[in-house]
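Colleague: What follows is each chain in one-letter form.
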Amino acid sequence: MSGDAVPPAVDPEGKDLHRMVVDARGSWCPGPLMELVRVIKEEPVGTEFELLSSDEGSRKDVPMWLTKAGHELIKVENESGFDRYVIRKSHE
Amino acid sequence: MADDAAPPNEQMAIVLTEDAADKLLPFATLVSGAIAMGMRVDVFASYWGLVAFKARAGPPPASVSPGHGEGGTALEEALRRKNAPNWKAILEMAKSLGELHIYACSQSMEILGLTKADLDPLVESVTGVATFIDRTRSASVSYFI
Numbered sequence: 001m002s003g004d005a006v007p008p009a010v011d012p013e014g015k016d017l018h019r020m021v022v023d024a025r026g027s028w029c030p031g032p033l034m035e036l037v038r039v040i041k042e043e044p045v046g047t048e049f050e051l052l053s054s055d056e057g058s059r060k061d062v063p064m065w066l067t068k069a070g071h072e073l074i075k076v077e078n079e080s081g082f083d084r085y086v087i088r089k090s091h092e
Numbered sequence: 093m094a095d096d097a098a099p100p101n102e103q104m105a106i107v108l109t110e111d112a113a114d115k116l117l118p119f120a121t122l123v124s125g126a127i128a129m130g131m132r133v134d135v136f137a138s139y140w141g142l143v144a145f146k147a148r149a150g151p152p153p154a155s156v157s158p159g160h161g162e163g164g165t166a167l168e169e170a171l172r173r174k175n176a177p178n179w180k181a182i183l184e185m186a187k188s189l190g191e192l193h194i195y196a197c198s199q200s201m202e203i204l205g206l207t208k209a210d211l212d213p214l215v216e217s218v219t220g221v222a223t224f225i226d227r228t229r230s231a232s233v234s235y236f237i
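Just so you know, the sequences run in chain order A and B. For what it's worth, the working numbering labels the leading residue of the first sequence as 1, then goes sequentially. For what it's worth, the working numbering labels the leading residue of the second sequence as 93, then goes sequentially.
For reference, chain A alone in the conformation it holds in the complex (with noise of 0.2 Å):
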């Protein structure tokens, strides 16, 4: 990186713009993991995403998926009746 002062991408609320909430819940195995599929494809390399499931199966899936493809699982926070996934895009 060079020194040059790049200022960091923030909306007006003071949140990181590249940060996007996926609200999968509700939705039925593999639903979640086909999102989080879908916004990996589109959003550039760095974002980070919430991913937020209520299927009992993503418990799995995601950090396996994650593994697979080569993306980053910074933590899983167990909420009432969902589960959040936070995760970062590592690469192309």
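Just so you know, these hints were derived from the structure itself, not from any lab. All of these numbers come straight from a predicted model, not from anything done at the bench. Positions of the beta carbon are idealized from the N, C-alpha and C atoms, including for glycine. Careful: at least some of the hints might be erroneous.
In silico PhoX-like cross-links for lysine-lysine, where the CA-CA straight-line distance does not exceed 25 Å [said to hold, decoys possible]:
#1 Lys115(B) to Lys208(B)
#2 Lys174(B) to Lys60(A)
#3 Lys68(A) to Lys146(B)
#4 Lys187(B) to Lys60(A)
#5 Lys187(B) to Lys115(B)
#6 Lys208(B) to Lys187(B)
#7 Lys174(B) to Lys115(B)
#8 Lys180(B) to Lys41(A)
#9 Lys187(B) to Lys41(A)
#10 Lys187(B) to Lys146(B)
#11 Lys208(B) to Lys180(B)
Computed Cβ-Cβ distance ranges for the label pairs, DEER-style [unchecked claim]:
#12 Ile225(B) to Glu50(A): 43 to 49 Å
#13 Pro213(B) to Gly81(A): 36 to 42 Å
#14 Lys174(B) to Arg84(A): 30 to 36 Å
Please build the complex by placing chain B on the supplied structure of chain A, with the hints as guidance.
Modeller: Relative to chain A, chain B alone:
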């Protein structure tokens, strides 16, 4: 990317011969899972499997296969109540994300008196069984549904 998840030549072959909701939903689920895993999927739609691909307006019917008595009725109700996904919409999404080919069995077309124009655009072409086998002879996974 879906393509990153598997070596490029991994392929799933499916022969579909049923048109009931309790066959079509698992079928579409398998297809989309395979596409997510970066596999190419080739489908040969035959007999009732071809009837399922007849172009029609509105959502596909949610009737399940016969022989399940009260269980079948309960499943139909559950599919409606839980707002089951539309199996064709699942296939359309899968096709937009990877390599999905759906062929119509030429023998079934002849017997059912159908032409390509009678079928959903998801169906790519009408082929004989030998062509389907030639395209899937190296498939690593195959199913008959």
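Colleague: Look at the Cβ atoms of Pro213(B) and Gly81(A) and judge whether their distance stays inside 36 to 42 Å.
Modeller: Because 37 Å falls inside the window, the suggested range holds.
Colleague: Sort out whether Lys187(B) lies within 25 Å of Lys208(B), counting only the CA atoms.
Modeller: holds (19 Å)
Colleague: Does Lys208(B) sit within 25 Å of Lys115(B), going by the straight-line distance between their CA atoms?
Modeller: holds (23 Å)
Colleague: Are the Cα atoms of Lys68(A) and Lys146(B) separated by 25 Å or less?
Modeller: violated (36 Å)
Colleague: Check whether the Cα positions of Lys180(B) and Lys41(A) lie no farther apart than 25 Å.
Modeller: Measuring from Cα to Cα gives roughly 22 Å; hence the hint holds.
Colleague: If you draw a straight line from the CA of Lys187(B) to the CA of Lys60(A), is it 25 Å or shorter?
Modeller: holds (24 Å)
Colleague: Would the hint linking Lys187(B) and Lys115(B) be met if the CA-CA limit is 25 Å?
Modeller: At roughly 19 Å apart (the allowed maximum being 25 Å), Lys115(B) and Lys187(B) satisfy the hint.
Colleague: Check the following: the C-beta atoms of Lys174(B) and Arg84(A) are separated by a distance inside 30 to 36 Å.
Modeller: Taking Cβ atoms as reference, Lys174(B) and Arg84(A) lie about 23 Å apart, which means the hint is violated.
Colleague: Are the Cα positions of Lys174(B) and Lys115(B) separated by 25 Å at most?
Modeller: holds (17 Å)
Colleague: Under the criterion that the straight-line Cα-Cα distance not exceed 25 Å, is the pair Lys187(B), Lys146(B) satisfied?
Modeller: holds (18 Å)
Colleague: With the threshold set at 25 Å, check whether the alpha-carbon distance from Lys208(B) to Lys180(B) stays at or below it.
Modeller: Distance ~17 Å between Lys208(B) and Lys180(B) Cα, so the pair holds.
Colleague: Under the criterion that the straight-line Cα-Cα distance not exceed 25 Å, is the pair Lys187(B), Lys41(A) satisfied?
Modeller: Within the cut-off at roughly 14 Å; holds.
Hints 3, 14, counting from the list given before, are not met by this structure.
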